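Here are the chains, one letter per residue:
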Amino acid sequence: MPQKTMVEALNLALDEAMSADESVLIMGQDVGVNGGVFRVTKGLHEQYGRDRVMDTPLAECGIIGTAVGMAVYGLKPVVEIQFSGFTMQAFDQIEQNMARLHNRTMGRFPMRMVLRTPYGGGIRAVEHHSESRETYWAHTPGLKVVIPSGPRNARALLAAAIDDPDPVIFYEPKAVYRAFREDVPEERETLPIGTSQVVREGKDLTLISYGAMMRPAREAMEDLIDEHGIDIELIDLLTISPMDGETLCKSVAKTGRCVIVHEGHRTCGIASEIIARINEGAFEYLEAPIKRLTGYDIPFPYFQTEQYFLPDADDIIESVRETMAWE
Amino acid sequence: MPQKTMVEALNLALDEAMSADESVLIMGQDVGVNGGVFRVTKGLHEQYGRDRVMDTPLAECGIIGTAVGMAVYGLKPVVEIQFSGFTMQAFDQIEQNMARLHNRTMGRFPMRMVLRTPYGGGIRAVEHHSESRETYWAHTPGLKVVIPSGPRNARALLAAAIDDPDPVIFYEPKAVYRAFREDVPEERETLPIGTSQVVREGKDLTLISYGAMMRPAREAMEDLIDEHGIDIELIDLLTISPMDGETLCKSVAKTGRCVIVHEGHRTCGIASEIIARINEGAFEYLEAPIKRLTGYDIPFPYFQTEQYFLPDADDIIESVRETMAWE
Amino acid sequence: MTIITRPRDEAADSEVPTGQAAHHMDMNPIDLGRIEALQVLDEHGNINQARDPGLNDSELLAVHRAMVLTRAFDSRMLTMQRQGEMGTFAPNLGQEACMIGQVWELTKQDWFSPSYRSFGAQIQRGWPMERLFLLWSGYHQGFPPPEGVNDMPFSIVIGSHVLPAVGIAMGMRRRDDNDCVVVNFGDGAMSQGAVSEAFNFAMVDRAPVIFVCENNGWAISTPTKLQYATDHLAGRGVAFGLSSIRVDGNDILGMIAAMREATRRARDGEGPTFVEAVTYRMSLHTTADDPTVYRDSAESEPWESRCPIIRFQRYLEGRGLLSKDGAEKVRSEADAEVLEARERFRKIAKARPREVFDHLYKVTPSELEDQRNEYLSRLDRKGVD
Amino acid sequence: MTIITRPRDEAADSEVPTGQAAHHMDMNPIDLGRIEALQVLDEHGNINQARDPGLNDSELLAVHRAMVLTRAFDSRMLTMQRQGEMGTFAPNLGQEACMIGQVWELTKQDWFSPSYRSFGAQIQRGWPMERLFLLWSGYHQGFPPPEGVNDMPFSIVIGSHVLPAVGIAMGMRRRDDNDCVVVNFGDGAMSQGAVSEAFNFAMVDRAPVIFVCENNGWAISTPTKLQYATDHLAGRGVAFGLSSIRVDGNDILGMIAAMREATRRARDGEGPTFVEAVTYRMSLHTTADDPTVYRDSAESEPWESRCPIIRFQRYLEGRGLLSKDGAEKVRSEADAEVLEARERFRKIAKARPREVFDHLYKVTPSELEDQRNEYLSRLDRKGVD
Ligand SMILES: Cc1ncc(C[n+]2csc(CCOP(=O)(O)OP(=O)(O)O)c2C)c(N)n1
Ligand SMILES: Cc1ncc(C[n+]2csc(CCOP(=O)(O)OP(=O)(O)O)c2C)c(N)n1
Ligand SMILES: [Mg+2]
Ligand SMILES: [Mg+2]
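If you read the sequences in order, they're chains A, D, S and X.
Numbering-wise (this note's numbering), the first sequence opens with residue 17 and increments by one.
Numbering-wise (this note's numbering), the second sequence opens with residue 17 and increments by one.
Numbering-wise (this note's numbering), the third sequence opens with residue 23 and increments by one.
Numbering-wise (this note's numbering), the fourth sequence opens with residue 23 and increments by one.
If you're looking for bench data, these hints aren't it; they were derived computationally from the structure.
Mixed in with the good hints, there may be bad ones.
[Unchecked claim] Take a look, some chain D residues computed to stay more than 12 Å from chain S by CB distance:
(1) LEU74
(2) ASP247
(3) TYR318
[Said to hold, decoys possible] Partner residues aside, some chain A positions facing chain X, computed with beta carbon under 7 Å:
(4) LEU74
(5) CYS77
(6) GLU198
(7) GLU202
(8) THR206
(9) TYR312
(10) GLN320
(11) TYR324
(12) LEU326
The model shown is predicted, which means the values in this text are computed figures rather than measured ones.
Even for Gly, the Cβ is constructed at its ideal location relative to N, Cα and C.
So that you can see chain A by itself, here it is in the shape it has in the complex (with noise of 0.2 Å):
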């Protein structure tokens, strides 16, 4: 199998999407002779043409207000925001077209569309190009909600996410963008939107998490059953909404304990909503607090400072101890 950064296997969905429907089209800025700032439409506007791969006006609100109509009229946009901090100029269309025109045809109309953007921190970046605010789309009704960590959940995800009848956001770990290689098979593969993933299996203790945080977790884990004996049970969430949770509380049922991982900030967070269904669905079997590491609640740091805002595997390390030292 070649091996693959998760930018060149997200181009490879979006060729396989691309040349196996022609419905699908790109839209963005820059995404076409440039493609992309991340390089992640690279050759596909070459390929599929200006009109398959759209360089559009800089306004975000436009670009995905003009993609809606695109997925009324029976297109599949899949739409690239630069940055996922400039979202938010769109969020009006997000939350009044793309999560609801569904609903409020009650089905006539399609609404087949996907909003890439890279999320989080960890580049170097100046404000507004970390922003990891993925809880704002999980509280939408309407929305699904993806997060890959790798180089190949994050093909198969978006080729999901492409097929998919429903609208997606899909939230990329920029982090992780170029930060190593795996394994990508040649033939297409998917891997179905609302599972999350038990990447190893344990019986002390539950850690989840997604996205770019999978990589301290990782590597959290390593150390934790090597150093200190702690049998994690890992999770990558994969899908943030729906959530799955019959997965989370299957685990927790079995190891009483939890540490809850994320970037995006502590208040109404994912952490907040795993626990809350972890509360309701596995309540008689918890031993300590589940225990949140995550964003605080301030704007993401000028980056002289992000590494200190970030948890690391060292800070994973301490809390599933401190949880694990609950009695």
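Given the coordinates of chain A, assemble chains D, S and X with the ligands onto it according to the supplied hints.
Relative to the frame of chain A, chains D, S and X with the ligands by itself:
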């Protein structure tokens, strides 16, 4: 004390603030001659003139964006957005400037402004007129989020919000606007932002709610005490963010059981955050899973069916009894 | 036809796009051009032959009937609302020529994206009136456009439907058919940035869309003088390169003439058009509104003499196509038609609380199934079916 | 001066606002008027006397020095970025006349709201260069404008700072002083709906704000031909009623002449102005960008002959104000000044991770104190101070 509706009480708070401080001004659609579509700004235009009670063009982003500039310049804009559903049009300005400019400039510029907007269902309105999306703001660092439940606390909290040195989102439960009258003292009164109120002390179960849902919550409480002998502790959140976790945890540490009621959607809703806080602060006292009785993860339904979407006293009673029965 | 054509007309995709091509700055002043004001039938019944769209007799009578039906529906809605049978709605009294004129030229394959004040146009497009009654009395079933009608559901959030309408037209251009899209909104909507974005996207993509702004002088209590600081809105189109025109929106023949040219341009690949239709909101903003608080009858009253239906009736009378009695007959037939629709509405109006989860997703996710079950058992407990 | 004045000039608040006042439609075509193209100093060093802002000798030399300093700073930043001492930043090579010209006429009480490509203007406004170095190397301390400088922090989200700038001007109009606001953005920003809203709010309120669009041909890889479908952007201002002008943005005297008139209008209560400055982005979009992927050197190269500094130097030479050696001296002094600032920067550059919670609120809420404590103990554990 004069009996006032919430609309009248809010009008009083605005009038007091404007007469006390020349730098307070009001902006919004139809807030001038028309006195606002709910008449909250009635009479102020005549009294303070068009430059301090400004009818704006029909653009929420424009309203919030220019208000931000006025705040930077040292004025204290109190903005009305006609329905909270239309704040989506201004999401970018709220998230990128209103919530962050103070931080961005390390406090160099003030950012005193209040965004008032009616929220919630129950008035037989069309789509987009019944939203309860306080999660969006609670999840946004830099904002404070306040939701009164009756005329008296509405007046006191709005006064406090205008006094507050930081930006405040002030959600007004439109179902309460004219629903009942309450004694509102003639002399100016404030309530601290960031503090929840224990409306009634009790020892069996903590019932937490806010805004328009406080009415069915009170009704249920009476019934639960009288008919079912359940000694309810009722808490009115009042400030959603920063959340008064201490009061909540202290209560649940005493009662061991908790039901949370709100209109907003469930996933990543305010109830999930409360559960996470109680999990952190009162885990060892919990005797049953905390129950979420909330809006579902679907758009607010069209008005012939909205009554079934909104929790009522009966549903609260049922949830409380379920939670009491858990063992 | 007098719709101005922009000087630069090369298609956006005709050559390799460049940035600042000329490295010598063009020092000639930019002439922004003129925008024509169009009226075919004036207040006195005089017709401008050169601009007459030339409808035949039966077409003329059909146009008249459609306007009368719109008004009959409107006034029936008002009665029903006052009697508690209808929710809040926005009357379109006085705007009937805009209503019918903007969709008159559309085919079944074309699309129309209405605002909340467009039910006259919706009826013309083929929405059964009972569905509109359902819609305005809070039943979800009133929202989806009927099968065979390529319309968007009506727009509640001001300006939010304009970009999607452009998107539909962008889809059409890509599919290379000859259809077009009409999207309708008010003078207030012009203040929304999203509408400016829509103009730009449409023009950059040369999408076959016609923007119709019904400038009726008011946005709730906000008069145009506080809404914008020019004497017209038509120039907004020109700013983005759109062919633009200002039409007397109370003149049905003017509206049709403008739309005929605009739709032809769209179908011929000449791109989008902006039509500012000058009209007046004769009635309440919505049934929740009280205009006496903010506007003088001295402003509104003169507009009564500009009534689009009376003006057109006078013209038809002059042409010997319609007598006073004939007009009365059209009106009473329209009333009867509306009342029949009300009967059908009353038969089908039924809240379906058990269905509120059914249409959010194409395939309801299992976690939402759990919520639905919780909800359904609440309904069971309450004895609601 | 040739900045066009809109036909309708009554102040928004001069009378009772009305909706559709005239009940007879004005059937005259609307003449949208002309927009002047302004150039004072042409590429060959010829000067248009009638438009010359008439700077005295020392002012002329100061303007020159400021442009040279901007370029020196820019090129030092690039070196530092390539050596890893600086983060991603956006060079303003070739746009020095826009930089200096747009703020030249401002007083200390006036406000300036810069884009991310405006550090030349920021230096001119009084931002110490070391603070700009801090800013672009990721230190929070680089963001707040220095005391005594009425500037907004630079804007990262395209177009998001334009409405707040209008708000400041609206505040000024209410306080009745004679100050004004200049806000700067690019051709790409003109596509953001928020910028259209800003034009409208400014004009409706008659706010003393000057919008300066540096039309440099590109928005990253997107050329103006894909960004909008007209030959100019100046017409966008006119559409909202703004006095508007198109200036040669590589001509410092033209820029100053335009800004002089625009600021005078603002101070005299004549309302907002839109200035389209035509220039060219000679360098990379940012240091993360590779223009060879998307643009031909055949397009960029001719622009080198339009360099704003060379053109102005030639003029100063012609006037006997500056020799070749003199120019060289200005350049080396500017370099030295930048290097001194770099030294100061290196001394003060220090990450302050312990302070990231300190400035979000005026008074940090207690719940956030809890998070801060959690964070600080993490730092303690990691041995970070
Ligand atoms: C984004 C948004 N803001 C505010 C409203 C509330 N509102 C409903 S109609 C209206 C006035 C619209 O005026 P205009 O666009 O001129 O259309 P008209 O009602 O005159 O047909 C307003 C402010 C809304 N529906 N959407
Ligand atoms: C809302 C938003 N969308 C996208 C971006 C990413 N971005 C940064 S600069 C830029 C191009 C800006 O072009 P222009 O306005 O012409 O200014 P210039 O860079 O040419 O000075 C883009 C798309 C952004 N910063 N903000
Ligand atoms: Mg209107
Ligand atoms: Mg540019």
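Results of checking the hints against the structure:
Annotated as non-interface, LEU74 of chain D brings its C-beta within 12 Å of a C-beta of chain S; the closest such distance is 4 Å. Taking the minimum C-beta to C-beta distance to chain S, about 24 Å, the non-interface status of ASP247 of chain D holds against the 12 Å cut. The beta carbon of TYR318 of chain D is not kept farther than 12 Å from every beta carbon of chain S, the shortest such distance being approximately 5 Å. Given hint, LEU74 of chain A at the interface with chain X, holds; its Cβ is 4 Å from that chain's nearest Cβ, closer than 7 Å.
Checking CYS77 of chain A against chain X by beta carbon gives a least distance of about 6 Å; that is within 7 Å, so the hint holds. Checking GLU198 of chain A against chain X by beta carbon gives a least distance of about 25 Å; that is not within 7 Å, so the hint is violated. A cut of 7 Å between beta carbons decides the hint on GLU202 of chain A: the least distance to chain X is about 28 Å, and the hint is violated. Taken as an interface hint, THR206 of chain A does not check out: its beta carbon lies about 31 Å from the nearest beta carbon of chain X, beyond 7 Å.
The interface hint given for TYR312 of chain A is met, as the beta carbon of that residue sits about 5 Å from the closest beta carbon of chain X, less than 7 Å. Against a cut-off of 7 Å between C-beta atoms, the interface hint on GLN320 of chain A holds, since the closest Cβ of chain X lies about 4 Å away. Here the hint on TYR324 of chain A is kept, as its CB sits about 4 Å from the closest CB of chain X, short of 7 Å. Below 7 Å, beta-carbon pairs count as interface contacts, and LEU326 of chain A has none with chain X, the closest being about 11 Å; its hint is therefore violated.
The structure does not agree with the numbered hints 1, 3, 6, 7, 8, 12 stated previously, though it agrees with the rest.
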